[in-house]
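Trainee: Listed below, chain by chain, are the residues.
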Amino acid sequence: MSETEIKILIVDDEKIVRESLAEWFSEDGYSVDSAENAIGALNQLNKSRYDIYLLDIKMPGMDGMELHRRIREIDKDAVVIMITAYAAVDTAVKALKEGAFDYITKPFDPDNLSHLIRNAVKQRRLQIENIGLKGSLEALTEPPLIIGASEHMAEVKDLINTVAKTTTTVMIRGESGTGKELVAQAIHAGSDRKFFPIVTVNCGALSETLLESELFGHEKGAFTGALYRRKGKLEIASGGTLFLDEVGTISAKTQVDLLRAIETKEFCRLGGNQIIKSDFRIICATNTHLEDFVKKGDFREDLYYRLQVYTIYLKPLRERPEDIPELVSYFVDRYRKKMNKPIGGVDPRALEMLMNYAWPGNIRELENAIERAMVVTRSKTLTVQDFNIHQGIEKISYNTDLSLENVEKEHILRVLEKTGWNISAAAKLLGIDRVTIYKKLDKFVIKRPKNG
Amino acid sequence: MANLNLVCLSFQEFHLLPLITASLSEILASPIINQQVKIPLGKYFNEEREQYNAAAILTDYERREIEGKTILITSVDLYIPIFTYVFGLAKLNGQVGIVSARRLNNKFYGLPDDGELLKQRLIKEIVHESGHLLNLRHCNNFKCVMSSSNSADDLDIKGIQYCSRCLNLLTRIDLKKQQGL
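Sequence lines, in order, name chains A and B. Going by the numbering used here, 46 is the number at position 46 of the first sequence; the sequence numbering is gapless. Going by the numbering used here, 1103 is the number at position 103 of the second sequence; the sequence numbering is gapless.
By construction, these hints were calculated from the structure, which means they are not laboratory data. It cannot be assumed that every hint is accurate.
Pairwise CB distance ranges, derived in the manner of DEER restraints [said to hold, decoys possible]:
| no. | chain 1 | residue 1 | chain 2 | residue 2 | range |
| --- | --- | --- | --- | --- | --- |
| 1 | A | 85 | B | 1043 | 20 to 28 Å |
| 2 | B | 1167 | A | 26 | 49 to 57 Å |
| 3 | B | 1046 | A | 19 | 12 to 20 Å |
| 4 | A | 26 | B | 1159 | 30 to 38 Å |
| 5 | B | 1159 | A | 76 | 20 to 28 Å |
Below, simulated PhoX-like cross-link-like pairs (lysine-lysine); rule was C-alpha separation at most 25 Å, straight line [as the list claims (entries may be wrong)]:
| no. | chain 1 | residue 1 | chain 2 | residue 2 |
| --- | --- | --- | --- | --- |
| 6 | A | 106 | B | 1158 |
| 7 | B | 1043 | A | 122 |
| 8 | B | 1143 | A | 106 |
| 9 | B | 1119 | A | 122 |
| 10 | A | 15 | B | 1091 |
Covered stretches of chain A, as calculated for chain B (at least 3 residues, CB under 8 Å) [as the list claims (entries may be wrong)]:
| no. | segment |
| --- | --- |
| 11 | 104-114 |
| 12 | 414-427 |
Since this is a predicted model, take the numbers as computed values, not measurements. Backbone N, C-alpha and C define an ideal beta-carbon position, used for all residues, glycine too.
Build the full structure now, drawing on both the sequences and the hints.
Mentor: Below, the structure written as structure tokens:
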């Protein structure tokens, strides 16, 4: 913003003051207008906006103090400088209390006036820059789009809106691929913390010591390889949100430290004594049945209750197939733009197939299926042949040499693989309860593959 | 630039005049015509302020028939009604400007006399006000003589010459005048 873009309005009943100041400011390259009374000034304000206002306090009719209030009603960020005679300094101070930027006494010391205007211009530029930056930040922190017109998704959106403005700890539950992280981002973006970071820690991806160091940070030399002091995610998330994904995998030792940190909002870096204070909000997610872990003693009950303040449950996609058409059209649109491929959508048969499929990998799997179909398709709409998903009931053939027990084991394994090792979903498909499935797993020594 | 008239009006630092004239002639690339006028300044004196009204002096002087741009130099302290003091005064594209040596002199601030510094400050202020007469506004380049200066320190920081941007502007203004625009 150059000087010519700064507009100054001088309001004074003395012609000589208006003329001299206008000439002085024009010499400095500012764009200047003037008015001889408050009414004239308000008329000017109807036509144009100014960055800096110089108002004489004593004027016939409406005085400078009242004019200041009126200007502030129109433009609350206006930079207003009051002009006063020595006798009226008290009034000028009153104006300062009402939000004026500064005051200057007549006759002006050229050096003081010059500094005053320079500071006022600086203030105005910072204001404009601040508004601009806030605007770009708002655009960056826009809540992510949560797709789905089902009753369940409407409830989820409602739950998000209710909890977002608070600082309550939120637990998001749902199978893998149901969009737990997206919900966490939406909660963060809808909160007053949106201008601060949302820091994600995938607890399942880190070993115990690494997770501790990741969460709490470490001092230089805290362990072999700790060459520098490093801030932890709890510290980085100060003012913002800490999203703990796969919270059920946290080790017993880290659970204790985490509980303490959550309750006191204080912690020490590994190998350090200095107490770090951090103002973070916790959102966590899990795709496991945490209650079972609590029963088995693998997850601390106190931490469980601390995290389980407000729960948002995301249904798997197979339980809300009415969301599939909207999701499909969203993903087709997204990949059409990304791949620059003119594909109009999905044909009705393919859509029916997609709506009937169980989607063990949920929305993530649906997105990948669409991306793949968009790559391989040769037509303008995606057809059944473009999708590589198993539909309907699979024909399963078993070797007749197998014992009944082995067939049972084989079948349980197949169903578990199909449901992405979701015990509840597998139990439902098999028509047995979850406890029975656990018993069978123990009996047949079936263990979940580590990458599953 | 055409001739510049340098008119002494109650100017006491006569010994500096030849040096100032020579420098100005070089910087402004124009002949400097020295004159001395005797105008009683009493009517411009404000007893309360103990200063002389620069704007009133200029208004009266502009009524005279003068050829070319004119800078009055004086040793009296100048003011204009809204300002507590001015080092100099000139209207944009005006005919007459005025510069006071009073506040450019170290003695005014209780410091030892420094003829060389006073000469430098006077030249800068005259070149600055001449710039306004030639329609130049203040310049953001702090080294340029057209940068705004409201204290002796400001004056000492800035240079004695127009910056390249101001020189370009002067050339354009000159061309427009030649073309009668």
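Trainee: For each hint, tell me whether it holds in the structure or not.
Mentor: Okay, the hints, checked on the actual structure:
Take residue 85(A) and residue 1043(B): their Cβ atoms lie about 25 Å apart, and the range 20 to 28 Å holds. A hinted range of 49 to 57 Å is violated for the C-beta pair residue 1167(B) and residue 26(A), which are about 21 Å apart. Between residue 1046(B) and residue 19(A) the beta carbons are some 19 Å apart, a value that agrees with the proposed interval 12 to 20 Å. Evaluation of the 30 to 38 Å hint for residue 26(A) and residue 1159(B) yields a failure: the beta carbon distance comes to about 23 Å.
Between residue 1159(B) and residue 76(A) the CB atoms are about 42 Å apart, so this pair departs from the stated range of 20 to 28 Å. About 28 Å separates the Cα atoms of residue 106(A) and residue 1158(B), which puts this hinted pair outside 25 Å; it is violated. Only pairs whose Cα atoms come within 25 Å are accepted, and residue 1043(B) paired with residue 122(A) is rejected, the gap being roughly 42 Å. Taking the CA atoms of residue 1143(B) and residue 106(A), the gap is about 30 Å. The hint is violated against a cut of 25 Å.
With a CA separation close to 34 Å, the supplied pair residue 1119(B) and residue 122(A) exceeds the 25 Å bound. Using a Cα cut-off of 25 Å, the hinted pair residue 15(A) and residue 1091(B) holds, with the two alpha carbons roughly 17 Å apart. Given a C-beta distance limit of less than 8 Å, the hint that chain B covers the segment 104-114 of chain A holds, as 8 residues qualify and 3 suffice. Closer than 8 Å: that is the beta-carbon criterion, and the segment 414-427 of chain A has 0 residues meeting it against chain B, so the requirement of 3 is violated.
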